[in-house]
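Novice: Going line by line, the protein sequences match chains R and E. Residue 451 in my numbering is what sits at position 451 of the first sequence, and the numbering runs on without skipping anything. Residue 534 in my numbering is what sits at position 43 of the second sequence, and the numbering runs on without skipping anything.
Keep in mind the hints are simulated off the structure, nothing from the lab. Quick caveat, the model's predicted, so the values are computed rather than measured. Each residue gets a CB set at the ideal place from its N, CA and C atoms; glycine is no exception. Hints should not be assumed to be uniformly reliable.
As the list claims (entries may be wrong) - Some chain R residues flagged as far from chain E (calculated, every beta-carbon gap over 12 Å):
id, residue
1, Met-57
2, Gly-177
3, Thr-218
4, Val-246
5, Val-273
6, Val-294
7, Thr-323
8, Thr-335
9, Ser-430
As the list claims (entries may be wrong) - Cβ-Cβ distance ranges computed for the label pairs, FRET-style:
id, chain 1, residue 1, chain 2, residue 2, range
10, E, Arg-529, R, Leu-339, 29 to 39 Å
11, R, Thr-142, E, Glu-546, 48 to 58 Å
12, E, Glu-540, R, Trp-402, 28 to 38 Å
13, R, Pro-442, E, Pro-502, 37 to 47 Å
14, R, Pro-209, E, Gly-507, 39 to 49 Å
15, E, Leu-527, R, Val-159, 15 to 25 Å
16, E, Lys-523, R, Val-28, 29 to 39 Å
17, E, Ala-509, R, Val-166, 31 to 41 Å
18, E, Glu-546, R, Phe-73, 52 to 62 Å
19, R, Ser-287, E, Met-517, 36 to 46 Å
20, E, Gly-507, R, Ile-117, 27 to 37 Å
21, E, Phe-511, R, Phe-172, 18 to 28 Å
22, E, Met-517, R, Phe-73, 42 to 52 Å
Said to hold, decoys possible - Dumping the calculated EDC-like pairs for lysine to aspartate or glutamate here, alpha-carbon to alpha-carbon at most 16 Å:
id, chain 1, residue 1, chain 2, residue 2
23, R, Lys-151, R, Asp-140
24, R, Lys-115, R, Glu-31
25, R, Lys-388, R, Glu-31
26, E, Lys-523, R, Asp-140
27, E, Lys-535, R, Asp-178
28, R, Lys-176, R, Glu-25
29, R, Lys-388, R, Glu-64
30, E, Lys-523, E, Glu-541
31, E, Lys-524, R, Glu-31
32, R, Lys-388, E, Asp-531
33, R, Lys-445, R, Glu-64
34, R, Lys-173, R, Asp-113
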Amino acid sequence: MSNNSQIVAPAADPYSSAKPSERAELSVIDESIRTPSIFFLISAIGWLMIGTVLALMAAFKAHEPDFLGAYEFLTFGRVRSAHLNAMALGWGSNIIFAVGLWIMARLCRSPVDHKGILMIAGVFWNIGLTIGVFGILRGDMTSVEWLEIPKYATPLLAVSYALIGVWGVMAFKFRKGDHVYVSQWYILAALFWFPWLYIVAQAMIIWFPARGVVQPLTNWWFAHNVLGLWFTPMALATAYYLIPKVLGRPIYSYYLSVLGFWALAIFYNWAGVHHLIGGPIPAWLISAGIVGSVMMVIPVIVVAINHHMTVVGAHREVWHSPTLRFIVFGALSYTLVSLIGSSMALRSVNEITHFTHFTVGHAHHGVYAFFTMIMFGGVYYMLPRLLKREWPSAGLIRIHFWGCAIGITIMVVALQAGGWIQGLQMNNASIPFLETVQNTIPWLKARSISGLFLTVGHIAFGINVFWMLFAAGAVRAKNGPTLLHKEGGVA
Amino acid sequence: MEATSYTQLLPIIILGVAFFVVTIVMLFWSAKKGHLRRFDAQAKTIFTEEEPEGEISDKFPESSKTTRGRKKNK
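Isolated chain R (complex conformation) (with noise of 0.2 Å):
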């Protein structure tokens, strides 16, 4: 019990202690962090963009496929690949080293010290990512889904990634404070995760590559647990933080996100197998991946709970904070791409959504309209506290919302449904393959149209994020970090 008073006793808070020299005012932390978010964020947006225009790209091809067909370095499966990788280490990573450091520091309680090492991991990291990206464009790709990147970029990529798990690890052992809140919890574990899954990975399938069919099971191991134990773990530190904070109310119930948390870091990691299902691996690893994916269930349903109950009765002040516009939106799409990815484990529905659109679909309503909605919302809260400045348009704001929330919807729609119909089709043995390839082309369409809804809301995003920081004369500046409430009054 004397642990546990010491957790939560207000003297011990470095948040709430009357002495200066134990407490820790956010406003310094976010100053210690300032250079290495900033520099991130500058690097999260400029691959956002790239892999938007490699995007587009993919996405017109997939119905014109003379489009750009001249250039051998942009043929689809090169453009497709290097958007992927763009996408996920580029937009993905680089965001979560932005975001969820600077909540890992808040949360520390202290200000940042050796920052030097997040700038070294940071250049280095999107050097050997530009290196890696270039090499897929110019055919040196290996062909493991989600490890596109070659042998030779991966070295530099491990290393920044390293320091990265590093500085993590001192910032939480020097923290102030016992308390460790479920979002450091969610950080913490996934600066260990992803690079168990990256090395695992690599070792396994490029390095000292294992024989016959460890191989793919490895492959999906990885690249499912990127989502699920990368991505994931990150968003929902960034919403169990910033739900809360920006109501200025506590999270509904801190015992199931605990629960979640540790029914996530139990079960999650079997779940890549059902991408296997149907393959030549052992029925009862099969099994046992579909039975992880289905208890999924358990810390999806907590978290939706969770986060869906503490913004009960607050439905006002959500639509007028752009940051949890994003997150609520983010929120949403967790709770439903979550129970439909457990569903689609289920034999019976896979052996309908497999090898079709559906899961393509599936893939971007994780990765985007949950992951990314709320890591923008991370970067509509962070940034004005970082800078010390108010956002210059709330205009390009609700662009960048609407854009991407149409966009996002119109892809995962279209993808989904008419996925679904292509996987009916291709069971059908009556109906040719080429029709039913020629039937997916109105739904690769609507995908493409989707794609430039969703460059208008980077556009915005890119936009306003520039103007902030580089047009500081036009930007009204404030007095503190706690930039909305001291100044313009609740909304």
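With chain R held as given, fit chain E onto it using these hints.
Specialist: For chain E alone, kept in the frame of chain R given last:
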């Protein structure tokens, strides 16, 4: 697949078990350190003097039009 070739799966099974064991050890550590008690108090630790409980800390920036209108009314 022949029964003998199941040994090819050993590395990934060992890794899966190791992963699971690490998770359980961390769960045990958190229980021992008291992180699984007094949940309501722990939920409030994110609020500070700068960003206190009970106050909304984010909203859309005011447009220049709104600001001008407010100045005129004053």
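Novice: Please list, smallest to largest, the hint numbers that this structure does not respect.
Specialist: 2, 3, 4, 5, 7, 14, 15, 17, 19, 26, 29, 30, 31, 32
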